[in-house]
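In the working numbering, the protein residues as written are 96 to 230.
Be careful, since some hints might not be right.
[As the list claims (entries may be wrong)] In silico lysine-lysine, DSS-like type, Cα no more than 25 Å apart, as pairs:
1. 183 / 140
2. 183 / 194
3. 194 / 140
4. 191 / 179
5. 134 / 149
6. 179 / 149
7. 194 / 145
8. 145 / 179
9. 194 / 134
10. 224 / 145
11. 194 / 224
12. 134 / 191
13. 191 / 224
14. 191 / 149
15. 179 / 224
16. 134 / 145
17. 191 / 145
18. 134 / 179
19. 194 / 149
20. 149 / 183
21. 183 / 224
22. 191 / 140
23. 179 / 194
These are calculated hints, taken from the structure and not from any lab test.
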Amino acid sequence: MMRIFVLHAIVVGLCVQTAFAQVSGSSPTCGDIAGETQKDLSNVKTFCEKAVPKGLGVVGARANDMLLWIMVSRDTANYFCADKLTSKQAILMWMKAWKAITIETVTIRVEWRDVRIAEGQTTLFSGDKVTFSCP
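Required output: the full structure, derived from the provided sequences and hints.
Have a look at this one:
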């Protein structure tokens, strides 16, 4: 199934919106899932099956190569902001799971609606780091 989704892209530090065709599906643990390519969709589906427990409050996930957006419910967003230590461990676990699936570095953005709650980033040289942007 082809759908058009709006994604956020970072260009020289500015957030701009871009639209492109994506393939989409659903997951019992992540809700609506999407990927720019069939491979991205397959990676998201595998990630959700292996790394996201049912009932966690993940309502959607989408991938574009090495970028993974995880959309969460309001309650989960509040929890992530209230307990940053546990939330950081969850994001680091997600990063490890994504790298095991794709063999790539990853940036994971956890969002509630259009509000970024946290971002986990891994690179080959500087390791893994998690930052929070709670409102």
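Consistency of the hints with the structure:
For the suggested pair residue 183 and residue 140, the alpha carbons sit about 22 Å apart, so the restraint of at most 25 Å is met. Only pairs whose Cα atoms come within 25 Å are accepted, and residue 183 paired with residue 194 is accepted, the gap being roughly 16 Å. With a C-alpha separation of about 14 Å, the suggested pair residue 194 and residue 140 falls inside the 25 Å cut-off, and the hint holds. The suggested pairing of residue 191 with residue 179 holds, with an alpha-carbon distance near 18 Å, which does not exceed 25 Å.
Restraint check: the Cα-Cα separation between residue 134 and residue 149 comes to about 23 Å, which is no more than 25 Å; the hinted pair holds. At roughly 21 Å between alpha-carbon atoms, residue 179 and residue 149 fall within 25 Å of each other, so this suggested pair holds. For the given pair, residue 194 sits about 12 Å from residue 145 by alpha-carbon distance, which is consistent with the 25 Å threshold. Straight-line distance between C-alpha atoms of residue 145 and residue 179 comes to about 23 Å, which keeps the hinted pair within the 25 Å bound.
For the proposed pair residue 194 and residue 134, the alpha carbon gap of about 14 Å is at most 25 Å, so the pair holds. With a C-alpha separation of about 22 Å, the suggested pair residue 224 and residue 145 falls inside the 25 Å cut-off, and the hint holds. Proposed proximity of residue 194 and residue 224 is supported: the alpha carbons are some 14 Å apart, at most 25 Å. Proximity of residue 134 to residue 191 is assessed by CA-CA distance (about 19 Å); at most 25 Å being required, the pair is judged to hold.
With a CA separation close to 12 Å, the supplied pair residue 191 and residue 224 stays within the 25 Å bound. A hinted pair counts as satisfied when its Cα atoms are at most 25 Å apart, and residue 191 with residue 149 qualifies at roughly 19 Å. Taking the CA atoms of residue 179 and residue 224, the gap is near 13 Å; set against the 25 Å cutoff, the hint holds. Of the supplied pair hints, the one linking residue 134 and residue 145 holds, its CA atoms being roughly 16 Å apart against a limit of 25 Å.
Only pairs whose Cα atoms come within 25 Å are accepted, and residue 191 paired with residue 145 is accepted, the gap being roughly 11 Å. The straight-line distance between the Cα atoms of residue 134 and residue 179 is roughly 32 Å, outside the 25 Å bound, and the hint therefore fails. Taking the CA atoms of residue 194 and residue 149, the gap is about 21 Å. The hint holds against a cut of 25 Å. Restraint check: the Cα-Cα separation between residue 149 and residue 183 comes to about 19 Å, which is no more than 25 Å; the hinted pair holds.
Of the pairs offered as hints, the one joining residue 183 and residue 224 holds, with about 9 Å between alpha carbons and a cut-off of 25 Å not exceeded. Proposed proximity of residue 191 and residue 140 is supported: the alpha carbons are some 16 Å apart, at most 25 Å. This hinted pair checks out: residue 179 and residue 194 have alpha carbons roughly 22 Å apart, not beyond 25 Å.
Consistency note: the structure conflicts with earlier hint 18 alone.
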